[in-house]
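Residue numbers (this note's numbering), protein chains in the order written: chain A, 11 to 286; chain B, 11 to 286; chain C, 11 to 286.
No lab work stands behind these hints, which were simulated from the structure alone.
Where a beta carbon is used, it is the ideal one built from N, C-alpha and C, also for glycine.
Some hints here could point you the wrong way.
[Said to hold, decoys possible] Stretch-level coverage of chain C by chain B, calculated; a stretch enters the list once three of its residues show a Cβ under 8 Å from a Cβ in chain B: (1) 77 to 86; (2) 189 to 198; (3) 220 to 232.
[As the list claims (entries may be wrong)] What follows is a list of derived Cβ distance ranges for each label pair: (4) C:192 to B:214: 37 to 43 Å; (5) A:46 to C:241: 23 to 29 Å; (6) A:263 to B:54: 30 to 36 Å; (7) A:108 to B:46: 24 to 30 Å; (8) B:64 to C:192: 39 to 45 Å; (9) C:109 to A:228: 43 to 49 Å; (10) B:67 to A:267: 50 to 56 Å; (11) A:38 to B:266: 40 to 46 Å; (12) C:252 to A:58: 53 to 59 Å; (13) B:266 to C:205: 45 to 51 Å.
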Amino acid sequence: MSGSGVEFAAQASLLTAQSDVVSAIRDDALLNSSLWVNVALAGVAVLLFVYMGRNVRGGRARLIWGATLMIPLVSISSYLGLLSGLTVGFLQMPAGHPLAGEEVLSQWGRYLTWALSTPMILLALGLLADVDRGSLFTVIAADIGMCVTGLAAAMTTSSLLFRWAFYLVSCAFFVVVLYALLTEWTAAAEDAGTAEIFQTLRVLTVVLWLGYPIIWAVGVEGLALVESVGLTSWAYSLLDIFAKYVFAFLLLQWVADNERTVASAGSTLGAAPGDD
Amino acid sequence: MSGSGVEFAAQASLLTAQSDVVSAIRDDALLNSSLWVNVALAGVAVLLFVYMGRNVRGGRARLIWGATLMIPLVSISSYLGLLSGLTVGFLQMPAGHPLAGEEVLSQWGRYLTWALSTPMILLALGLLADVDRGSLFTVIAADIGMCVTGLAAAMTTSSLLFRWAFYLVSCAFFVVVLYALLTEWTAAAEDAGTAEIFQTLRVLTVVLWLGYPIIWAVGVEGLALVESVGLTSWAYSLLDIFAKYVFAFLLLQWVADNERTVASAGSTLGAAPGDD
Amino acid sequence: MSGSGVEFAAQASLLTAQSDVVSAIRDDALLNSSLWVNVALAGVAVLLFVYMGRNVRGGRARLIWGATLMIPLVSISSYLGLLSGLTVGFLQMPAGHPLAGEEVLSQWGRYLTWALSTPMILLALGLLADVDRGSLFTVIAADIGMCVTGLAAAMTTSSLLFRWAFYLVSCAFFVVVLYALLTEWTAAAEDAGTAEIFQTLRVLTVVLWLGYPIIWAVGVEGLALVESVGLTSWAYSLLDIFAKYVFAFLLLQWVADNERTVASAGSTLGAAPGDD
């Protein structure tokens, strides 16, 4: 069970298995394009945001800018991870799954990197609405919980039951995030004088974020109503484009134009004396 | 060494190996029950805590509530990870270990998820005692170090020496946490007027947390004085029940009853103008 | 493709593969000594720093001390991970790489643990310069991005292109860190009255941190101009000694001697009433 030859073979194969996944991605034009388009757009977004933020001053405005700039940078890393085969793998679906016994290409790296990028989105939103730190902390913790249990749902192959159990726990974390966005944070934004832009970004975020669990449920990893890995991937990629780059662009443009409003609130994280 | 057939076999086997562990868990009633009881209790705790916190207002009180609510949510995810076989594996113990050469079922996911749940416990305690951010930050960093090196101790199979070296480093981090709880944080709680409840929760935490390294040392992963995986697992599960759900319940009940005291301190993270 | 025998063999081999790497390390005296010297020095540093910090009071000074103490503690864990074979592996270099097809010993654990230790260095520097939280947060996020994409670069074996793509993204994150250190943070340190020590530590950090990507580029993982794993490892180990223990020693000595200056700034994270 642990003969030295088999050991080396297994270890070597693990580390070279990336190439097999990469080949599979390259051979699927739909899938391949869904990933490269995001590398390109995220790259453009980084350059654009650096340019847009060049004149932003004041602790809170610059923190929003910093958090916003991280969004496309994390996104490039995420899509490079998928394209290089590092964060992608073939998973054998468990009994009961529509594709039971088949090996499905799982882009599990998406869930992993969302745990890094979505907190930046919430941080930017929270700072814009000038919410208290307690709320910001709880919502970001719930958001990370949502992504990590989403990752667990994607990687569980032992039974269908546990896949959906993780899915439900992930949705429970999501409800915490949604609840805060729709109640407290909206109220806080009104006090901070940022209600208008917050309203726009909130609708964008709530609507688009609802798309992710829906795609999971109908895509290849869930009920497999859509059986194409390429289509599922394009759906996620389109959501990413709007929920990340377009979101960040709108936010950053508003901050650049309304620095005074942003600076006057400044009760939360960004506040620092002698800085604005 | 990297023939394509072997590669695929190894990759496939990695991803289906979960089912083997799941079978092993299902066949061991003692082990199985030690995990399910926590899923059930954590689920009850989530519902109960949502209900108990429905009227909590004020930045700091709500931050304590938020941190407290995360404890059972992370716990459910943790135990689902163990039950689904995702964060469990058979590890071959190194030479010198009492079970040397045998494959021991390691619940390494426990250590991983403690790195998420125990910071919430310390955050709640720190906010209750109104400690300064420097102390809070250092203690949580040490706590995460403790969990991560505990994970490393559990996953090291190359030599007994390194298993215990990691164990000792983990204990060194733990000493930092204990020292802060017993000295500074106690003093801070007196200033904040929360000495009584802090005293209770501190005793609960210190006594129960000391149990974890002791179980590691005497259980299957350490000296194997207790050779049953099921018994070792039950010991951890019982500690979790008291150190997590009972702890969180006592804390939350007190916060709900003493909101005024909590709000008046509020010098740390939770403070936010216009929120209390 | 997933016969039960192969499954078990692969799982077992994964878990025992550590011993093979450990043997390889032990047989290479140069490599072995590069790791053990850091375990020893980090151990001495922990004891020394505990002693040096015994009289430090005041929220901000103690937060700097706490962050500083974590640096060698994380370092010990990191080097134990390498020595135990837990965070080390043989990776087959992709086509186009100078060592293409060969299995190179990759110390990927270094990049992983830098994601924990370098934020502590930046936190200590940021607190010393009394920078605003926005800047501190953005710089630490960029630093973690740098380490994680460095880890991805090291672990990518599917193609040379992606290895260097990750390398470039990692460098982009590094530019954000460098830019902040050389402009804003320097200005902040002047306002805080800590310009002199900040200047020394900044030069130490900037010069030494530039060394890491250079070593990656010329070492076995990059262009392989240096083909010895032992020499590459010693280069990293020497950088670690100066960028971590010497850095931390100088910082801590200054804080212990200039507590009054540190306490009077205190506008950032460390501030807490009734604590200094």
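Hints versus structure:
no. : hint                       : verdict
1   : 77 to 86                   : holds (count 6)
2   : 189 to 198                 : violated (count 0)
3   : 220 to 232                 : violated (count 0)
4   : C:192 to B:214: 37 to 43 Å : violated (49 Å)
5   : A:46 to C:241: 23 to 29 Å  : violated (38 Å)
6   : A:263 to B:54: 30 to 36 Å  : violated (47 Å)
7   : A:108 to B:46: 24 to 30 Å  : holds (28 Å)
8   : B:64 to C:192: 39 to 45 Å  : violated (50 Å)
9   : C:109 to A:228: 43 to 49 Å : holds (45 Å)
10  : B:67 to A:267: 50 to 56 Å  : violated (35 Å)
11  : A:38 to B:266: 40 to 46 Å  : violated (55 Å)
12  : C:252 to A:58: 53 to 59 Å  : violated (38 Å)
13  : B:266 to C:205: 45 to 51 Å : holds (49 Å)
Consistency with the previously given hints fails for numbers 2, 3, 4, 5, 6, 8, 10, 11 and 12, ordered from lowest to highest.
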